[in-house]
Amino acid sequence: MVDVKKKAAELLSSEAVKVIIGYTEGTGGKPRAAFIQNVADVEKLIFNSQCVMNLAVYLTKAEIKKLGKPAIVAPVNVLRAIIQLAFEVQIQESDIVVLGITPDEKLVEFQSFAAIESYLEDFKMELDAKEKETLAKISGMSLEERWAYWTEELSECFKCYACRAACPMCYCHKCAVEQNKPQWIPVAAHQLGNMEWHIMRAMHLAGRCVNCDACHNACPKGINLNFLTKLMLADAQEQLGYTGPTLKEGNLLSTYNPNDQENFIK
Amino acid sequence: MTIEKYLVKKTSLPVLFDKIKASGKVVKAPKKKSHTTDFADVASFSEVTDDYIVTTQSAKSVAFPRVEKLFNYVKSKDGVQITDYALNAIPEVVMWGVRPCDAAGFDPLNAIFTWDINDVIFTTKLKKTTIIGFSCQNADENCFCTSVGGNPGSTQGSDILFTKLSSGDYLAEVISEKGKAIQALAPELFEAAPSEDKEQNLAKVDVKFTKEIIKEKVDKYFESDVWKEQAQRCIGCGTCAFVCPTCACFDIQDENHGKNGHRIRTWDSCCFSQFTLHTSGHNPRPTQDRRWRQRIMHKFSYMPDRINVYGCVGCGRCSRACPVDMNIAEHLTNISKM
Ligand code: SF4
Ligand code: SF4
Ligand code: SF4
Ligand code: SF4
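Going down the list, the sequences are from chains A and B. Numbers given in the working numbering equal positions in the first sequence, counted from 1, plus 4. Numbers given in the working numbering equal positions in the second sequence, counted from 1, plus 30.
In short, the hints are calculated from the structure, not lab data. Some clues are possibly wrong.
Each computed SDA-like pair below joins lysine to any residue, with the alpha-carbon atoms no more than 25 angstroms apart [what the hints assert, rightly or not]:
| no. | chain 1 | residue 1 | chain 2 | residue 2 |
| --- | --- | --- | --- | --- |
| 1 | B | K258 | A | E29 |
| 2 | A | K185 | B | K61 |
| 3 | B | K63 | A | Q195 |
| 4 | A | K134 | B | S64 |
| 5 | B | K367 | A | A44 |
| 6 | A | K70 | B | K289 |
| 7 | B | K258 | A | Q187 |
| 8 | B | K105 | A | A210 |
| 9 | A | K70 | B | N286 |
| 10 | B | K289 | A | H177 |
| 11 | B | K258 | A | Q183 |
| 12 | A | K128 | A | A44 |
| 13 | A | K22 | B | L232 |
| 14 | A | K185 | B | Q283 |
| 15 | A | K178 | B | N181 |
| 16 | A | K65 | B | Q304 |
| 17 | B | K61 | A | T155 |
| 18 | A | K65 | B | G311 |
| 19 | B | K367 | B | K61 |
| 20 | A | K34 | B | T309 |
| 21 | A | K22 | B | K61 |
| 22 | B | K258 | A | W154 |
| 23 | A | K185 | B | N364 |
A few chain B positions that, by computed beta-carbon distances, are all more than 10 angstroms from chain A [said to hold, decoys possible]:
| no. | residue |
| --- | --- |
| 24 | V104 |
| 25 | L232 |
| 26 | G266 |
| 27 | I337 |
| 28 | S366 |
Since the structure is predicted, the reported quantities are computational estimates derived from the model, not experimental observations. Every residue, glycine too, gets a C-beta built ideally from N, C-alpha and C.
Extracted from the complex, chain A is given alone in its bound form:
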């Protein structure tokens, strides 16, 4: 943490950046996001295994942009989100300074987004054994069982949209659930409204989700909505060898190549 703090202090005092987006201690010792604007406050930065919130969500928020150029403390989850956001032209290299951080709190400096991309090659976005086990359980259900499982799981959703608000990829100023001319998704948190909301969100995250679990961690009802996106990730991994966001390949499911095979269309 020493070198991260030192770098943060340097960046602030030289006015290379105006704010450090990082983690600090919150209620009951748990981490919370911090927006450090004075060198003296750099000491408040912390990092530990509980720092799972994806801070990249703040990079696209108008209120935070108004603070001026940020440096962001970035474990792998945040780095992946930065690359995906960069591909989607939501952030530019000159907009931010990225302070990569390893699990043992070491600073990793990056001169470019391309450098982040090559760093991430060592951290392939793969599902772990436990995730795969849960997915296998869900995929192994019959159609009826699976419908019942998701109906029950999503019945708890009261549409607070904390999942969306915490997701670095849900940056739309007007989300599809708020479209009302015409209205695509019922506003109410009843069965149909919840099902449509979650299916819609999962589809909008297809090939864009960075599997950081920010949505699930944010959900006050503890809903396993992250397994909707994980299901798609598992398919993308298996069928397309997808291992995470890149600057060139971009959105997995919205890119195409004229040479793509079409022989599966019958």
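Following the hints, position chain B with the ligands against chain A.
Same frame as chain A, now just chain B with the ligands:
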């Protein structure tokens, strides 16, 4: 009526519970669900948990559910035919295991729903609800009921309040006629009052500020930068309002199926960026700090000014549920020191 005190044995509690169920009333109680502990329909006493500080969601859903169908309509050449809400079909509900903060929350909620017009759906539901409170033996760092006029053994809002004594038996305080009606279902279980002091069996919750001080400060610091500083990490979801026992905002929607349809109300929150968005495109609360200010001002200034009741009971639910740890007690404490 004056509060009547009794002893109810630990072993009598399930018996009372069964008698209430047998009377045909709907009973909702804290239940461990797959991810949270919340009020739910319970089949038997064994499903009821007492292992919770407060439930994730408040008890307000009993009178103000997240989706309420207000009326049905059919459109035809001759106009619109409306089928009103069937008020007489509202069942008698017993809310079992309500914490004193949650019980106190029905006052501000009722004040909002009867402010200009009497919202008959809400008030009928509330009239048909009996609140069986349980005092708190445990509190956590998010509880601050004592800073907003409540306490872990407050009888406000409950019809019967149970307090666990050192023996494991309960002091039962019968507070209202509705409470008496519950007692009448099994009068033999209500024995001579215990001598043990109630206070020593309650959680300790330190006073951090008073609601009057908060009111004085927020009225003075409407234009302060404090809102910006506090709201920086707020990501503008609906969580705090949805778990709050006193938040009453809702959206009205028509759901059409051809010529048939119904009008519903669904929960809304002033922290959503679209909450006050005008059709012109103008938004009088364009940034999150304005929306955070609204949340605090509504509870600590506008509500006491207009309906003579504060809009926060100090349950701390919003702090526990907030995805970014916007600890309301911490923010209010800082405001109280300005
Ligand atoms: S955070 Fe949870 S409860 Fe809120 S909208 Fe998302 S899934 Fe539903
Ligand atoms: S504002 Fe928070 S602490 Fe106050 S009553 Fe609502 S949920 Fe409880
Ligand atoms: S605090 Fe906000 S959501 Fe809650 S009642 Fe007031 S205006 Fe409505
Ligand atoms: S205070 Fe927390 S729960 Fe409330 S809107 Fe902000 S982020 Fe959501």
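Structure-based check of all given hints:
1. K258(B) with E29(A): 20 angstroms, holds
2. K185(A) with K61(B): 40 angstroms, violated
3. K63(B) with Q195(A): Measuring from Cα to Cα gives roughly 18 angstroms; hence the hint holds.
4. K134(A) with S64(B): 18 angstroms, holds
5. K367(B) with A44(A): 22 angstroms, holds
6. K70(A) with K289(B): Violated - the C-alpha atoms of K289(B) and K70(A) are around 48 angstroms apart, more than 25 angstroms.
7. K258(B) with Q187(A): 33 angstroms, violated
8. K105(B) with A210(A): 40 angstroms, violated
9. K70(A) with N286(B): 42 angstroms, violated
10. K289(B) with H177(A): It is violated: about 33 angstroms lies between the C-alpha atoms, which goes past 25 angstroms.
11. K258(B) with Q183(A): 29 angstroms, violated
12. K128(A) with A44(A): Violated, at about 37 angstroms.
13. K22(A) with L232(B): Violated, because 48 angstroms separates the two Cα atoms, which is more than 25 angstroms.
14. K185(A) with Q283(B): Given that 25 angstroms is the threshold and the Cα spacing comes to 13 angstroms, the pair holds.
15. K178(A) with N181(B): With Cα atoms ~42 angstroms apart, K178(A) and N181(B) exceed 25 angstroms; violated.
16. K65(A) with Q304(B): Roughly 15 angstroms between the alpha carbons, so the hint for K65(A) and Q304(B) holds.
17. K61(B) with T155(A): 19 angstroms, holds
18. K65(A) with G311(B): Holds, at about 19 angstroms.
19. K367(B) with K61(B): 39 angstroms, violated
20. K34(A) with T309(B): 41 angstroms, violated
21. K22(A) with K61(B): With a Cα-Cα distance of about 48 angstroms, the restraint between K22(A) and K61(B) is violated, given a limit of 25 angstroms.
22. K258(B) with W154(A): Distance ~39 angstroms between K258(B) and W154(A) Cα, so the pair is violated.
23. K185(A) with N364(B): Answer violated: K185(A) to N364(B) is near 43 angstroms, above 25 angstroms.
24. V104: 20 angstroms, holds
25. L232: 22 angstroms, holds
26. G266: Per Cβ check, G266(B) is inside 10 angstroms of chain A; nearest 6 angstroms; violated.
27. I337: 25 angstroms, holds
28. S366: 18 angstroms, holds
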